[in-house]
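**Student:** As a plain string of letters, each chain reads:
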Amino acid sequence: MTTLSLTVNGEPVRAEIDPRLSLADFLRENLALKGTHLGCEHGACGACTVVVDDMPMRSCITLAASCEGVRVTTVEGFDDDPVVTRLRQAFRDEHALQCGYCTPGMLATARDIVLRHDRPDTEQIRAELAGCICRCTGYRGIVRAIARVIETKSQATAAKAGTT
Amino acid sequence: MTDTGVGASLPRKEDDRFLHGRGRYLADIEMPRMLDVAFVRSPLAHAEIVGIEKPEEAGERVFTARDMDGVVPIRPTSNVAGHRIVGSPPMAFDRVRFVGEIIATCLAPNRAQAEDLAERVVPDLKELPVVASIDAAMAEGAPLVHADWGTNLSMETRFDSGIEEQVARATVQVTRTLDMARQAMVPLEGKGALAHYDARDGQLVVYSSTQSPHMIRNALCQCLGLQQRQIRVVAPDVGGGFGYKAILHPEEVIVAWLALRLKRPVRWLEDRFEHLTAGANARQHRYRMTAHADDRGRILALDAVLTTDAGAYSIWPHTNGFDAIQASGILTGPYDIGGYRVRTMTVATNKPPLSPYRAVARPGACFAMETLVDAVARAVGRDPVEVRLENLVPAAAMPYKAITGKEYDSGDYPASLRRARAMVDAVSADAGPDRLIGTGYAVYTEHTAVSTATISQIGVQMMPGFEQAAALMQPDGSLEIRVGVQSHGQGMETTLAQIASEVLGIDPQRVSVRHGDTALSPYSTGTYASRAIVMTGGAVAAAADKLAFKLREIAAHMMQCTADDVRLEAGELVGPGASMTIEEAAVIWHFRPFDLPEELLRDGLEVTGGYRPDGDRAPFAYAAHAARVAVDPELGTVEVLDYVAVDDCGTRVNPMIVDGQVLGGVAQGIGTALFEEVPFDDQGQPLATTFGDYSVPAASEIPMIRLDHMETRSPYTRFGVKGVGEGGAIAPPAAVVNAINDALRSTGAELCAVPATPRRVLQAIFDAQDRAAGKKEAAR
Chain A
1 MTTLSLTVNG EPVRAEIDPR LSLADFLREN LALKGTHLGC EHGACGACTV VVDDMPMRSC
61 ITLAASCEGV RVTTVEGFDD DPVVTRLRQA FRDEHALQCG YCTPGMLATA RDIVLRHDRP
121 DTEQIRAELA GCICRCTGYR GIVRAIARVI ETKSQATAAK AGTT
Chain B
1 MTDTGVGASL PRKEDDRFLH GRGRYLADIE MPRMLDVAFV RSPLAHAEIV GIEKPEEAGE
61 RVFTARDMDG VVPIRPTSNV AGHRIVGSPP MAFDRVRFVG EIIATCLAPN RAQAEDLAER
121 VVPDLKELPV VASIDAAMAE GAPLVHADWG TNLSMETRFD SGIEEQVARA TVQVTRTLDM
181 ARQAMVPLEG KGALAHYDAR DGQLVVYSST QSPHMIRNAL CQCLGLQQRQ IRVVAPDVGG
241 GFGYKAILHP EEVIVAWLAL RLKRPVRWLE DRFEHLTAGA NARQHRYRMT AHADDRGRIL
301 ALDAVLTTDA GAYSIWPHTN GFDAIQASGI LTGPYDIGGY RVRTMTVATN KPPLSPYRAV
361 ARPGACFAME TLVDAVARAV GRDPVEVRLE NLVPAAAMPY KAITGKEYDS GDYPASLRRA
421 RAMVDAVSAD AGPDRLIGTG YAVYTEHTAV STATISQIGV QMMPGFEQAA ALMQPDGSLE
481 IRVGVQSHGQ GMETTLAQIA SEVLGIDPQR VSVRHGDTAL SPYSTGTYAS RAIVMTGGAV
541 AAAADKLAFK LREIAAHMMQ CTADDVRLEA GELVGPGASM TIEEAAVIWH FRPFDLPEEL
601 LRDGLEVTGG YRPDGDRAPF AYAAHAARVA VDPELGTVEV LDYVAVDDCG TRVNPMIVDG
661 QVLGGVAQGI GTALFEEVPF DDQGQPLATT FGDYSVPAAS EIPMIRLDHM ETRSPYTRFG
721 VKGVGEGGAI APPAAVVNAI NDALRSTGAE LCAVPATPRR VLQAIFDAQD RAAGKKEAAR
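Here the protein sequences line up with chains A and B, keeping their order. Reading the first sequence from the start, the letters are residues 1 to 164 in our numbering. Reading the second sequence from the start, the letters are residues 1 to 780 in our numbering.
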């Protein structure tokens, strides 16, 4: 067993874990944070994506033991995040989810895309989403939702620039 | 229409929980003392089980078929004469017949430990000869999947309308062989089941990631010898189904049996490796098609042979013959064709059992028919759209009785194609100098909400009948709707509330839709065949009608008029001189019974409504799709530049949700067209076992699909709706391949198989070059 200390959704967590335990299983089984979903368990579908120290990361191929001292944010921890709040509204408006299984990973990835881009075209957003599989929506709603949030972000930035 | 009823693009009621990660899927359910399952699966496609060695100290946590005393293997049934049929055994007894078949079941407190245990179980297998393709299975002297059959031909059907007269008139014959590969369905959440015995209710409770809870209960009762009242099946949130979760899985029988035997909760969660190997069970059709046409490309007769590579066992309930029956019943598609002859062969192979995947056999049938139509157009030197327009059933002919016996209820097929052409032509993409551009079309018609009559003909253990819905008015006038279908992405918690709102004028925010639980809802065969909005939507409306009548009677009594004088308007019961709200009427029944006469009190405000379309006739949805692609003739890669779908599902209850269904279907269809395949080697070994080799399209591969809709109300259904859940997936293989062939026209290449991988595209180009070289050689 290995001792692990880290921060999950703002709370300090300390646990004795099996060295082979993945971060995804640690979140789901040890902490009962069931919002992180497993779609492939080999790092290819993106459903398990969480934010680790501000970077989106696949929790199914991240060993929990490698997360000493990091800050992890899961879908349960985004309620005070202004970008995710806007993404949630945009996902609803653009019908960017159906069965909901890919949604937590999509939100974590979309948040990262919104933070890194100011004026991406559709092609860029599609390319940025290449690591996340959605089997239901055909992606159009997801791409549009991200574009919409970036647009409001850019408008806000432009407005701010205009006043200074 | 009200602004919350039929026709409103209401935001979905289910979104909030999913966007906060608060859905509850099967893997999210935990129970005290629960054990997780890992299976020992066959590494060989065909072998005799000589013995199974269990680790000594853990033997009591490993179970094999020999332990399953009293469990009856599922027995699928069929009315097709001579249909040889064997259901999947829960665990293999003395023989395994495909890679991934279950040999032993291992239990541990968590999955990782169960897998550790499974690694230490050693099956002693004696290899047997394998048939891993249609050709191998049908060869003279082929090894037999089931020795007692004496053949690998599981089912054969023939239909012949008489085609001699049409063939005699035809001046053009075009023949093609068309192949669709084997696929996995890949719902993003794997299959899973968790069973436990509830002593208080005297029930085996089975949580299953299923589309059809009552059907699973039917099956488990057969297998375990229990009465229906003794089993409860609950589908929690289900992360995509696509047909994979509309069948009984042997694993469900095993965990149910283990929970009874051990009196502990037992859970199995399918992982992606299991899904891509043991679950590689969809599509895989081969068509040999001949069109007999005139000089203008008017198709006079179609002569077809369809063979399916159906795997080792029959799934339940649809049987292994479902693909062949569906495809042969719809092969002539949206066309007016006077003569049709078809022979189908369902062939057993050492592969996982063929199962119905979104739109069942129609993507294969549409691919075969629509690529053939393009080949006919090339043969007569005409534009494929013009040839289609000449062959399509015209709007004036509706309702139209097809040569297959099916009745197409309504619509304007040529108009949908004209719209698709206008939309896709409007886009001219810059594909770069080295790529070839092409446009392809496909039109289909789809039998949705399949009828009792259709299913009863084929004799499978799934009888839709009248769909039921319960409407329970609560004491405060809020409403609970209970239905036996299961919503796993279709948004029925929203659309069924909209239908209740349409009838009662009640705010959908005061309506809850409960689904997917045999303990809560009326009986239903479940969610499949694009049936829910037609059948369950109709049933909800019927229940709401009953409730409306009761509410009007209560209001009439209070207002001292007759029920006929009371109208329901926007949630208000309006009489000649007064009005009251639905809530007030509900409160009167529940809390002021002394105000009502006995006959109004006797039957409460909890009602069940039943529905099926008028005369048990199914509505036919249809669409025209157009694809514009760029092909790199050096690399064989294909990019979809533009994709257009013009569909008609009659009245759209929630247009936003309809769009979502079509978009998602098209994306899956593009997967079938270009990427998705589980190839098997000649020893029956699956060659795509991770998402590294099984390519599911991501956003980078799917263009921003563009939609248009026509709305021809079905004359037979409530509100004029037609099903829409599957349709999007039908046409893309045909439209994309027709676009590729259009792009390759200068090379003379013609692709006749999907997925159109770079290897297949290049092979088609090389074949064309060889043909051209051969012709030159011959001319010399």
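Don't read these hints as lab results, they were simulated from the structure. Do not rely on the hints blindly, as some may be mistaken.
The calculated label-pair distances, taken between Cβ atoms and stated as ranges, are [said to hold, decoys possible]:
(1) A:Arg14 <-> B:Ala58: 24 to 34 Å
(2) B:Asp3 <-> A:Ser66: 50 to 60 Å
(3) A:Ala156 <-> B:Glu119: 47 to 57 Å
Reference excerpt, derived from the structure (chain B facing chain A, CB under 8 Å, subset only) [claimed, not checked]:
(4) Pro11
(5) Leu19
(6) Asp237
(7) Gly239
(8) Arg272
(9) Leu596
(10) Leu600
(11) Leu601
(12) Gly692
(13) Ile705
(14) His709
(15) Met710
Built from N, CA and C at the ideal position, the CB exists for glycine as well.
**Student:** Mind listing which of the numbered hints don't hold for this structure, in increasing order?
**Tutor:** As far as the earlier hints go, 9, 10, 11, 14, 15 are violated by this structure, in ascending order.
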